[in-house]
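Asks: Letter by letter, the chains look like this.
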Amino acid sequence: MERLDKHRGNARQVVVPLVRRDSIGASHHVLTFEFETALEASAGQFAMVRGASWGESPFLPRPMSLLSGGKRPSILVKVVGEGTRRLAASEPGDMFSVLAPLGRPWSPCPSERTPLLVAGGVGVCPLLFLARSLTEQGHRSIALYGGRCSTDLALDEELGAESDLRLATEDGSLGVMGRVTVLLEKALAETRGRAKIYACGPEPMMAAVVRLAREAKVPCEVSLETVMACGYGVCLGCAVPKVDGGFLYACSDGACVDGYLIDWDK
Amino acid sequence: MDQQVRIGELTLSNPVLAASGTFGYGLEYEGFFELSRLGGICTKGLSLLPRAGNPPPRIRETAAGMLNAIGLANIGVEAFCKDKLPRLRELGATVVPNLFATSIEDFVALTERLDREEGIAAIEVNISCPNVTKGGLEFGVDPTAAAAVTRAVRKATRHQVWVKLSPEAGRVADVARACEEAGAHALSAINTIRGLSIDVETWRPHLANRTGGLSGPAIKPIAVRMVWEVCKAVRIPVIGVGGIVSANDAIEFLLAGASAVQVGSASFRDPLATIKVADGIRAYCERKGLAASELTGKALLD
Chain A
896 MERLDKHRGN ARQVVVPLVR RDSIGASHHV LTFEFETALE ASAGQFAMVR GASWGESPFL
956 PRPMSLLSGG KRPSILVKVV GEGTRRLAAS EPGDMFSVLA PLGRPWSPCP SERTPLLVAG
1016 GVGVCPLLFL ARSLTEQGHR SIALYGGRCS TDLALDEELG AESDLRLATE DGSLGVMGRV
1076 TVLLEKALAE TRGRAKIYAC GPEPMMAAVV RLAREAKVPC EVSLETVMAC GYGVCLGCAV
1136 PKVDGGFLYA CSDGACVDGY LIDWDK
Chain B
326 MDQQVRIGEL TLSNPVLAAS GTFGYGLEYE GFFELSRLGG ICTKGLSLLP RAGNPPPRIR
386 ETAAGMLNAI GLANIGVEAF CKDKLPRLRE LGATVVPNLF ATSIEDFVAL TERLDREEGI
446 AAIEVNISCP NVTKGGLEFG VDPTAAAAVT RAVRKATRHQ VWVKLSPEAG RVADVARACE
506 EAGAHALSAI NTIRGLSIDV ETWRPHLANR TGGLSGPAIK PIAVRMVWEV CKAVRIPVIG
566 VGGIVSANDA IEFLLAGASA VQVGSASFRD PLATIKVADG IRAYCERKGL AASELTGKAL
626 LD
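Protein chains in written order, with my numbering: chain A, 896 to 1161; chain B, 326 to 627.
Hints should not be assumed to be uniformly reliable.
As the list claims (entries may be wrong) - Some, not all, of what chain A presents toward chain B, calculated at C-beta under 10 Å:
1) N905
2) F954
3) P956
4) A1103
To be verified - Listed next, the stretches of chain B that the computed footprint assigns to chain A, with coverage defined by at least 3 CB atoms under 8 Å from CB atoms of chain A:
5) 372-381
6) 467-480
7) 578-584
8) 587-597
For the record, the hints were derived by calculation from the structure and aren't laboratory data. The beta-carbon is built from N, C-alpha and C at its ideal position, and this holds for glycine as well.
From just these sequences and the hints, can you work out the full model?
Replies: If you want it as C-alpha cells, here you go:
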C-alpha cells in the first residue's frame, strides 16, 4: 500500500496557545488553538499534542484527531488517562506543542454514493470534520452516532447541523436504545447498496460496522485510533494487524484506511 | 567553536547522531530539517530479510519514558540499499546502518551486503535488542559471544564497526573490552533496559510481548554511569546514548567520556530534538570557549 509521505511532508511543529476550552459535561472538552498561519488539514487527519509545561511526564505527545483546521484548529478530548486529563485541565493561554497535519485523510465519496458516517463516542471527531467538508462539497450525509449514554454523544448538535443525524444509546437515554449498528442496518437498507461508510469509534464497533458493510457490499473506511509515540512513521508503535498478515501503521498508512484490510479478530 | 568529533577513522561534523529505532531510515525526517546537519544517522535495525515485528500493543508510556517491544520490524537490508540509501547519499547524510541478526553467519551476510555499498560511514552492530526471542541479548550479555560477532563482522567489511552494548550485561565493561579486543572501532552504550508494566484492572501486561525496552529520561543516569564505566575500560571511542532530550543531557555523556552521543526517544515527541541538542551543544561550547571534542572525559570523577 502506498504510504502518504506527502502528508508527513506537510506536517510542521508549532508551539501555540490554547484560546478556548469548551467543556461538554465533565469528561469531554473541545480545545481550540490559535495558529499564526492557517493549518491546512483535511478531515480524518490528526495532530500530536503535548503541553509545553509537561516536563518529562507525560513523556509523549497525544495523538488527537482534528475537528477542524485553519487559523483556529480544534480537537475533542475525552479524559481517559493522564495525558488527556492534563489536556482537559488546561486553560486559555497555556502553550502547546502541536505537530500537524498528520496521517491519511478520509478519501472522497463518489457522487453516486450516499456518505454514511458512523460515529462511536469520541470517534465523532474526524466524522464531524468530514460532515462539514461534505456539506461544503454539496454532499448531504447520513450520520449515525452511538454511545453508552447521552453524555457520550458530546457533539450531537454540531453533527446534526451538517447531516441527517440518527442517535443511539445503549441505555436509551438519547435516540433509539441499542447500538449504533442497529441504525446502520436500517440506513444500509435505505440506501440500497449505494452508500459509502466512514466509521470511527471503539474497535468492536468498527469491527461490527465492517462486518455489516461486507454483507451489504458497501465500501467502508475506518479511522484508526491507537497509542502512538511519534505520529509520523518512525516509532512503529501503532501497528494494526492486516487480514493478509503483517501490520499496517495507524499513523502513516492511516489514520483513515479501508476497513476491509484489517484483521478485526486479532 | 569547532564541533567536529572523531570516531576512529571517521570525522563527524558534530557530536549528535540519531539513535537506531527512533529515526526510521532517516528519510522520514526529510521534511523537518536537512539530514546533513546531523553528526550521523543510525538506521532502524536492519535484518537480512524484512521483519513484520511484534503484535500490538508495542509501546507503553511510563514515568519519564516509555517501554517498547517493536520486535525489529524493518524492510530488510536489500530494500534499504535499494530504496533508502541512494536518497540518503544524495542528501549528504552520514549513514550508520544498524544491523541485527540471530546468528554470526547472518551478521556476516548482512555486513558483506553493506560492504558493497558506498556512502556508509560505519555500521553499528546491534547485540542488545531486548525484544526478540533470539539473537538480541544473547550476544550482548556474554563477552565471548560479543567478541565472536565483532570479530566476524570486522573481517567481513572495510567499513568502521561500532558495537551497541546492552545495559543487561552483568559487567558491561567486560563486554566492552571483549569487543575492543575483537576489533571494534567504537562502542555505543546503551541500548534499552527491559521493563514490565502491568494493567491493574485486567492483570495483564500492557505489552503483547510482556516485557519491553525502557527508554527516555528515566534511564539517563544509568546510561551515563555505564558510559563512564565503559570509557574507563576501553581506549576506543564511546558513543553515549540513553534518555537524552536536551543539550545538557548530551553534555553529561561527553563529560563522562563519550566522544559523541545519540538522541533516541526524544525524536518521537519532537522531530527536531536531534538538531536542538546539536545547536545547544554548540552554544555551550561557545560559552565555554571549547571545541566539542574537548568536552570528552572532562568530568571530575577521580
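Asks: Are there three or more residues in the stretch 587-597 of chain B whose C-beta lies closer than 8 Å to some C-beta of chain A?
Replies: holds (count 7)
Asks: Do the numbers back the hint for A/F954, that is, is its least Cβ distance to chain B under 10 Å?
Replies: holds (5 Å)
Asks: Are at least 3 residues of the stretch 372-381 of chain B within less than 8 Å of chain A when you compare beta carbons?
Replies: It holds, with 5 qualifying residues against the three required.
Asks: Please check whether A/N905 passes as an interface residue: C-beta within 10 Å of a C-beta belonging to chain B.
Replies: holds (8 Å)
Asks: Against chain B, with CB atoms and a cut of 10 Å, does the hint on A/P956 hold up?
Replies: holds (5 Å)
Asks: Let's test the interface hint: is any C-beta of chain B closer than 10 Å to that of A/A1103?
Replies: The hint is violated - A/A1103 has no Cβ within 10 Å of chain B, the shortest such distance being about 20 Å.
Asks: Taking 8 Å as the Cβ threshold, is the statement that the stretch 578-584 of chain B is covered by chain A upheld or broken by the three-residue rule?
Replies: violated (count 0)
Asks: Closer than 8 Å, Cβ to Cβ, for at least three residues: run that test on the stretch 467-480 of chain B against chain A and report holds or violated.
Replies: violated (count 0)
Violated hints, listed in ascending order, are 4, 6 and 7; each of the other numbered hints is respected by the structure.
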